[in-house]
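A.B. asks: Chains F and H are the protein sequences, given in the same order.
Start counting the first sequence at 1; every next residue gets the next number (UniProt numbering).
Start counting the second sequence at 1; every next residue gets the next number (UniProt numbering).
Just so you know, these hints were derived from the structure itself, not from any lab.
Note that the structure is predicted; figures quoted are calculated from it, not measured.
Just so you know, not all the hints are guaranteed correct.
Calculated Cβ distances over 12 Å to all of chain H for the following chain F residues [stated by the list, open to error]:
no. : residue
1   : Asn2
2   : Ile14
3   : Gly95
4   : Tyr127
5   : Ile132
6   : Pro186
7   : Thr206
8   : Trp209
9   : Ile210
10  : Thr234
Just so you have them, the derived chain H footprint on chain F, three or more residues with Cβ under 8 Å [claimed, not checked]:
no. : region
11  : 3-11
12  : 32-42
13  : 100-114
Between beta-carbon pairs, the in silico distance windows are [said to hold, decoys possible]:
no. : chain 1 : residue 1 : chain 2 : residue 2 : range
14  : H       : Gly41     : F       : Ala249    : 33 to 39 Å
15  : H       : Ala140    : F       : Ala30     : 57 to 63 Å
16  : H       : Ser79     : F       : Ala249    : 57 to 63 Å
17  : F       : Val231    : H       : Gly143    : 55 to 61 Å
Using N, Cα and C, we set each Cβ at its ideal position, and we do this for glycine too.
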Amino acid sequence: MNATLHWRCLRAVIVREGLRFVHQRERFFAALVRPLVWLAIFAVGFRAVLGLSIIPPYETYILYEDYVTPGLVAMIQLFNGMQSSLSMVYDREMGSMKTLLVSPLPRWYLLVCKLLAGVLVSIAQVYVFLAIAWFWGVQPPELGYLAVLPALVLSGLMLGALGLLLSSFIRQLENFAGVMNFVIFPMFFASSALYPLWRIREGSPTLAWIAGINPFTQAVELIRFALYLQVNGTAFLAVTACLALFLGAAILAYDPGRGFWARRGGPAEQG
Amino acid sequence: MDCFDTAPPDPQARSGDAAAAPVLAVEGLSHSFGARAALDGVSFGVPAGRFTVLLGLNGAGKTTLFSLITRLYNTRQGSIRVFGADMRRHPAQALARIGVVFQQPTLDPDLTVIQNLRYHGGLHGLASADIEARAGEELARIGLSERADERVRTLSGGQRRRVEIARALLHRPSLLLLDEPTVGLDIELRRQVLDHVHDLCRERGLAVLWATHLIDEARDGDGVVVLHRGRVLAAGRVEEVCAATGAATLGDAFARLTAKGTRE
């Protein structure tokens, strides 16, 4: 089986996700409005409350908007990753998941295609958000917009793989509310997205420790450093390791030999 | 190599009497979910050019059987071979020869007809030019050429089914699987879809496996496999099954077989 076939498959999955995204305008605006609300309302109010000292990668005093922007970028990717897990559940209920899985290409490859397509969509959202944030006064170095791209790919893959893994445990669409409460909110709030770790430590060392090992914190820091033209080695390794772990587990969960398909009799066993 | 290698790895199937060897060969297939046995020693074959009805009530094991043949999950006991390619050892070769129409609708309603077909073609590694040409042929065949750029949402239920059949044929499979494809269609549309697939079967020499619980969907000359509680009670041509059970119609034969099968 050669590269041409793999490429055609990947292209088809990306085109489909792209078209679906374009057709669902509400989804696009929701994805954009959410971080903008944080930036335009929350950040302005919070600016007065929170004093920030100079911490890497920043070399001068910064406004709170500058601090929170990388966190909001990661939030876009977090929601996107979880939404793609929702769409996996939706696809499974609607049967279009089966269409994907009867392709003769290896199943792990099909899942990776799906994941990559989702990441590309999230990156498009991120750049639109960064463009609006620029007009709002959040202006990282110009080269930072390029340097952040590999970081976005990596963090997007990691968060998407987590969504993929979760999707293998969710049986019905209604359970997405549970994902919001038990995954998205804790990951977002117990992280360095909204306030630096040293600030959290002042309040609660335990919470700071939790935030420190939160994969989402690592994604935020990877993006933050890249946007200011620096490499955060720890974050890079942590995000890569989490990606390997989540993706490996997701591939196992969807494996035709073991995962939930064989145990549960696939989607909606009808006889 | 620019497409999937569908040459049978089994030299016997390649050289010998390929006409006699069934396209789909299921042997000693068993599957259970926990303690519940969904399939128990299922064996049958579907030859080329034969419209074969997989007849069974709800819960007979039809969906499990389809899930195994499409490798949604692995075969644990027994074997499934498509043109000699074993599903467990050569899944890519086996899957490349299968076209599937699932029970649930699987077209993307927000995408156009042609976009849906392109997606499927891509998943099977077809070149864009091939996809356009074949999609054009298949849509012309079902009389939907002019709807190619319309969203699937705007099509009727019968039209969507026919698009799904066209999509399943895009990669030129030898075996077409349909899982209760007439669910939700009225009598007239049901007849049209049945006629359509019978024509395909005859004209292209396709092996067709059509799962249903509706006895009247099996016609004289068709093959029939009677599945009941995970076991094959009878298999052969409709006339043969009737003769073997001493019944006048397939409906009677089915009633006798399942009554007996339930007692055992």
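A.B. asks: A separate judgement is required for each hint: does it hold in the structure or not?
C.D. replies: Checked hints:
1. Asn2: At roughly 6 Å from the nearest Cβ of chain H, asparagine 2 (chain F) sits no farther out than 12 Å, so the non-interface label is violated.
2. Ile14: Label violated. Min Cβ-Cβ 9 Å, cutoff 12 Å.
3. Gly95: Violated: least Cβ distance 3 Å, not greater than 12 Å.
4. Tyr127: holds (24 Å)
5. Ile132: Holds: least Cβ distance 26 Å, greater than 12 Å.
6. Pro186: holds (33 Å)
7. Thr206: holds (41 Å)
8. Trp209: holds (41 Å)
9. Ile210: Isoleucine 210 (chain F) clear of chain H: closest Cβ-Cβ about 37 Å, beyond 12 Å.
10. Thr234: Correct as stated: the minimum Cβ-Cβ distance to chain H is 39 Å, above 12 Å.
11. 3-11: Holds, because 6 residues of the region 3-11 of chain F bring their Cβ atoms closer than 8 Å to Cβ atoms of chain H.
12. 32-42: n = 0 at 8 Å, threshold three: violated.
13. 100-114: Three-residue rule met by the region 100-114 of chain F, so holds; n is 8.
14. H:Gly41 with F:Ala249: 33 to 39 Å: holds (35 Å)
15. H:Ala140 with F:Ala30: 57 to 63 Å: violated (40 Å)
16. H:Ser79 with F:Ala249: 57 to 63 Å: violated (30 Å)
17. F:Val231 with H:Gly143: 55 to 61 Å: For valine 231 (chain F) and glycine 143 (chain H) the Cβ distance comes to about 59 Å; the hint holds.
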